[in-house]
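K.L.:
Chains A and B, in that order, give the protein sequences. All the letters of the first sequence, read from the start, carry residue numbers 1238 to 1896 under this note's numbering. All the letters of the second sequence, read from the start, carry residue numbers 91 to 385 under this note's numbering.
Just so you know, the hints here were simulated from the structure itself, not pulled from any lab data. Certain hints may be false.
[Unchecked claim] Per label pair, the in silico range of CB-to-CB distance:
(1) Ala319/B - Leu1437/A: 44 to 50 Å
(2) Arg140/B - Glu1320/A: 40 to 46 Å
(3) Asp200/B - Gly1314/A: 29 to 35 Å
(4) Asp264/B - Ile1283/A: 56 to 62 Å
(5) Asp200/B - Ile1283/A: 54 to 60 Å
(6) Gly1314/A - Asp264/B: 37 to 43 Å
(7) Ser1312/A - Arg140/B: 27 to 33 Å
[Unchecked claim] Only part of the chain B face toward chain A is listed, based on derived beta-carbon distances under 8 Å:
(8) Asp162
(9) Asp288
(10) Leu290
(11) Val291
(12) Thr295
For each residue, glycine too, the CB sits at the ideal point set by N, CA and C.
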Amino acid sequence: MAWSQRAARRRVHKGTTLLAIYAAASLVPVLALGVTLVRGYHDAGITRATSQALHQVAVIERMVVSPALRDADFSQGLTDSEEYSLRLSTDLAVYDGGVARLRLYDFDGHVVFAENGDTGTVLADDPAFQRAANGKPSATLLDSGDASSRGAVIRVLAQVVPEATGRALGVLEVQLTYDKIADQIAAETRAAIIRLAIGLAALYAVLGLISWWTTRALGRHAAAKEHQALHDPLTGLPNRDLFRRVSERAVERAQGRGALVLVDLDRFKEVNDTLGHHAGDELLQVVGRRLQESLRTDDTVARLGGDEFGILLPGESDRAATVELLTRVREAVGAEITLDDSTLTVDASFGICFFPDDADTVEDLLKNADAAMYQGKHGPTGVVVYEESAARPATDSLVLQRELRRAIADDQLLLQYQPKLHLSTGQVSCVEALVRWQHPERGLLPPIDFLPVAERSELIEPLTRWVLRQALTDCARWAEAGRPWSVAVNVSARNLATLEFVEVVRETLAATAVPPERLYLEITETAVAFDAGQVREVVERLAEIGISVSVDDFGVGYTGLSQLRAMSIREIKIDRAFIANLEESQQDRAIVASVIDLAHGLGCTVTAEGVETQQVADWLADAGCDHGQGYLWLRPSPWQEIVPAGEASGTALPASPAP
Amino acid sequence: MLVRRTALASLLPALLLAGCAAAGSEPDQQDAPSLSVDEDLHALLPADVRERGVLRIGTDPSYAPMSSYGEDGRTIVGMEPDLGDALGDVLGVDVRFVDTDFTTILPDVDTGRLDLGMSAMTDTPERAEQVDFVNYFSAGTSILVQRGNPAGVFELEDLCGKVAAVEKGTTQVDLLDRAQGRCDDEPIDVRTYGTNSDALVQLRTGRAAAVLNDLPPAALLVTDPDTKANYQLASTAQLEPGLYGVAVDKDLPGLRDAVQAALEVLVDRGVYADVLAHWGVEDGAVQDVTVNSGR
Chain A
1238 MAWSQRAARR
1248 RVHKGTTLLA
1258 IYAAASLVPV
1268 LALGVTLVRG
1278 YHDAGITRAT
1288 SQALHQVAVI
1298 ERMVVSPALR
1308 DADFSQGLTD
1318 SEEYSLRLST
1328 DLAVYDGGVA
1338 RLRLYDFDGH
1348 VVFAENGDTG
1358 TVLADDPAFQ
1368 RAANGKPSAT
1378 LLDSGDASSR
1388 GAVIRVLAQV
1398 VPEATGRALG
1408 VLEVQLTYDK
1418 IADQIAAETR
1428 AAIIRLAIGL
1438 AALYAVLGLI
1448 SWWTTRALGR
1458 HAAAKEHQAL
1468 HDPLTGLPNR
1478 DLFRRVSERA
1488 VERAQGRGAL
1498 VLVDLDRFKE
1508 VNDTLGHHAG
1518 DELLQVVGRR
1528 LQESLRTDDT
1538 VARLGGDEFG
1548 ILLPGESDRA
1558 ATVELLTRVR
1568 EAVGAEITLD
1578 DSTLTVDASF
1588 GICFFPDDAD
1598 TVEDLLKNAD
1608 AAMYQGKHGP
1618 TGVVVYEESA
1628 ARPATDSLVL
1638 QRELRRAIAD
1648 DQLLLQYQPK
1658 LHLSTGQVSC
1668 VEALVRWQHP
1678 ERGLLPPIDF
1688 LPVAERSELI
1698 EPLTRWVLRQ
1708 ALTDCARWAE
1718 AGRPWSVAVN
1728 VSARNLATLE
1738 FVEVVRETLA
1748 ATAVPPERLY
1758 LEITETAVAF
1768 DAGQVREVVE
1778 RLAEIGISVS
1788 VDDFGVGYTG
1798 LSQLRAMSIR
1808 EIKIDRAFIA
1818 NLEESQQDRA
1828 IVASVIDLAH
1838 GLGCTVTAEG
1848 VETQQVADWL
1858 ADAGCDHGQG
1868 YLWLRPSPWQ
1878 EIVPAGEASG
1888 TALPASPAP
Chain B
91 MLVRRTALAS
101 LLPALLLAGC
111 AAAGSEPDQQ
121 DAPSLSVDED
131 LHALLPADVR
141 ERGVLRIGTD
151 PSYAPMSSYG
161 EDGRTIVGME
171 PDLGDALGDV
181 LGVDVRFVDT
191 DFTTILPDVD
201 TGRLDLGMSA
211 MTDTPERAEQ
221 VDFVNYFSAG
231 TSILVQRGNP
241 AGVFELEDLC
251 GKVAAVEKGT
261 TQVDLLDRAQ
271 GRCDDEPIDV
281 RTYGTNSDAL
291 VQLRTGRAAA
301 VLNDLPPAAL
311 LVTDPDTKAN
321 YQLASTAQLE
331 PGLYGVAVDK
341 DLPGLRDAVQ
351 AALEVLVDRG
361 VYADVLAHWG
371 VEDGAVQDVT
381 VNSGR
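Build out the structure end to end from the sequences listed, making use of the hints.
P.N.:
Okay, structure coming up:
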């Protein structure tokens, strides 16, 4: 994607700059170290040379000069014999140039003896001379000596002590030619510089290598962090942040047209609850991959969280073509998926909002697409384009969630009951509790209007708890009124995901003093369908208590027979889809007949849902079906209305005409 | 003069006990505050000395630790210069030590070229004929040999037939002369040198079998790190102990008495003991400063 290429380029540039700074910064101490060491080496060479000269002159003084001066008195000058023996012992050294100067001074600084006969100099003011006169010899390097024709010399000033008593006679000045020593020092310094240069270069290389490595590691780390911050770790798709950014850029682009699509998987929670999270995760990965594969590379697919995906189709403005495209995408997503050896299909709802026509900010786009998506959930096609007129604020899932939460707390919910009859006797054996919502603005809402939202959120738990308590409370009341009916409550797959639910049921039974045998819990086929350990365990526990478990809407989902066999199921309710066309369809009759046989074979009772005519009821009774439920007898209504109806016909309800 | 810091540090408490507050200054210099000029003694000094304000004291600086050249090769240091300086403090004059051949000290004192002689000179009857001596130290003679004693010298008799190096004009020359009688056939080859250092050169270079020194300088030579590798004592015996004396012209009894009284002041004040202790020669201290007490 162009976005990540740009980011990569920026990272590379940043890394190079950082490396250059590192390199420059480490070059400074390395060079400083080099200069210091070289200079130190050079200085040490000179110090060594002068200190050597000091010792040399000390030996010259002891062995050459002093012996010639025994009993001398500088204040009287030298005697001829003293001068003669001094010349004798120094001439050669002076002549061949090793000694550039050799002079003797009295303590006043007057020359007593000079190697070249020049006795004119007076040195008294020279501090080095004064120090030497007081017993502190010194050696200094003179760059050009006194005469410009001469090279550098080391000048040494030291006392002359010709007597055993240690009495000093005067000061000796010797200048030793320095050139050879200088050459040696230079050679040593050169050698040191070469060694040093190699060492420092190696050091610098190591530093550079470390810097390069560190920079690269940092860069990679930063890139990984950035990617992590902007991508969903599960699917590898851009996350909500990045999707928002990309969308904003698309919306802000001049004359930018396009469509923002929200995709939501239907019944994903059920998969998650029944098959476990790893299966849910795998499903999301598959869906993400399918979405991406069926779109263009310019389009952005993102996972916004949970089972919600976002798609940005830049440049798209043809509504019909977009719907057509997304319908194809939806088909691709809906292809069969095998998870944990189970095959399932997943439906997705698509909500589309075009910009800039229907919204020009990302916020509005998301809101409108969300609204369209919820419409799609209830609609026939699953792909809905947002139209302003069709917008209903209540379809906003968040608003609905908020309202539903309040509804549970404020008792805006109510239960209606539909009786289940023995087909053979016409007696009511059980009533199914059906929840309604007395919405303050929108009137009485059927479950389809709010149950999906509840199931998609945590609200399903308080809702089920409410229904359970209310149904059992009602059950206790009609038992008091002399009606020994059982009560059936629908529970979601999500409720069965935790053992806690068993406790909730047990406590509610205890609180309402209803015997467990009176309670039927109806679960959807999907919840039973997969071998999810937890669901099975919960069902077993419920059965142990004595509660009956029914499989609702049997025949439209997936149920493995082995799984049916493995669970303690008391009742199977055949979906109304098979009952509705029973009179016309030979196949449906065959299916229903065999389901009845199958259920009986498994030790379950069978209930037919949606019975609307007496003929159907008769056929079912002939086929051996145990119970029937439907408008033929009674629409869902408050239980008080069922009691008089029951009383009117004794124990059996009369058939009422179909609506 | 140079005083080692450690020596100075050890000397300080003693000076403070003596009522001196000369912290940081050198202990035996004329400015030591415990010493004040004694005007009576100053008055005893000869007129020319008082006029000059300087007391010239002759010494042969080849006899550490009594007197020798310091490390600078130009200043004379030792027990005698320190004592002389303190003497000057009491007498109210400056003191100058003059490098003089040992043999010319007495003649120079006699002629007045020097006011005093102070050079580890033993007060002997012969010398006492020429000058008066104010006795300030006691020491006998030791025999120095090369380390390892290669010539096998343990007492004077062992020197018979061997070379003994001594400084010219010292009592050691007389001592060796008297010892000649104990040699059977071969006498001691006594060679004299202008300074004690020259005599030591002979020993160090193996040209002499022994050097005769007073005990203090001999003891220093065998303990000083610079020289102890070369010398050792032939025995612990001290031969013919005697008293050192400050030589004074017999014609100047006032000067003699002034020196005697001033030295007594130094003894009384403890300065004398401090100086001797500083140079490690306290064993040679005298109880009283006497005149012409030599044998």
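K.L.:
Look at each hint and say if it fits the structure.
P.N.:
Taking the hints in turn, this is what the structure says about them:
1. Distance hint check for alanine 319/B and leucine 1437/A: the Cβ-Cβ separation is about 48 Å, which falls inside the suggested range of 44 to 50 Å.
2. Checked against the hint of 40 to 46 Å, the C-beta distance between arginine 140/B and glutamate 1320/A comes to roughly 44 Å, which is consistent with it.
3. Under the hint 29 to 35 Å, the C-beta atoms of aspartate 200/B and glycine 1314/A, about 31 Å apart, fit the expected range.
4. For the pair aspartate 264/B and isoleucine 1283/A, the beta carbons lie near 58 Å from each other, so the given range of 56 to 62 Å is met.
5. Checked against the hint of 54 to 60 Å, the C-beta distance between aspartate 200/B and isoleucine 1283/A comes to roughly 58 Å, which is consistent with it.
6. Remark: the range hint 37 to 43 Å for glycine 1314/A to aspartate 264/B is upheld by a beta-carbon distance near 39 Å.
7. Checked against the hint of 27 to 33 Å, the C-beta distance between serine 1312/A and arginine 140/B comes to roughly 29 Å, which is consistent with it.
8. Satisfaction of the interface hint for aspartate 162/B is found here, the shortest Cβ-Cβ separation to chain A being roughly 3 Å, below the 8 Å cut-off.
9. The beta carbon of aspartate 288/B comes within 5 Å of a beta carbon in chain A, closer than 8 Å, and the hint placing it at the interface holds.
10. Evaluation of the leucine 290/B hint against chain A yields a held restraint, the C-beta minimum of about 7 Å falling below 8 Å.
11. Here the hint on valine 291/B is kept, as its CB sits about 5 Å from the closest CB of chain A, short of 8 Å.
12. Because the smallest distance between the Cβ of threonine 295/B and any Cβ of chain A comes to about 11 Å, over 8 Å, the interface hint for this residue is violated.
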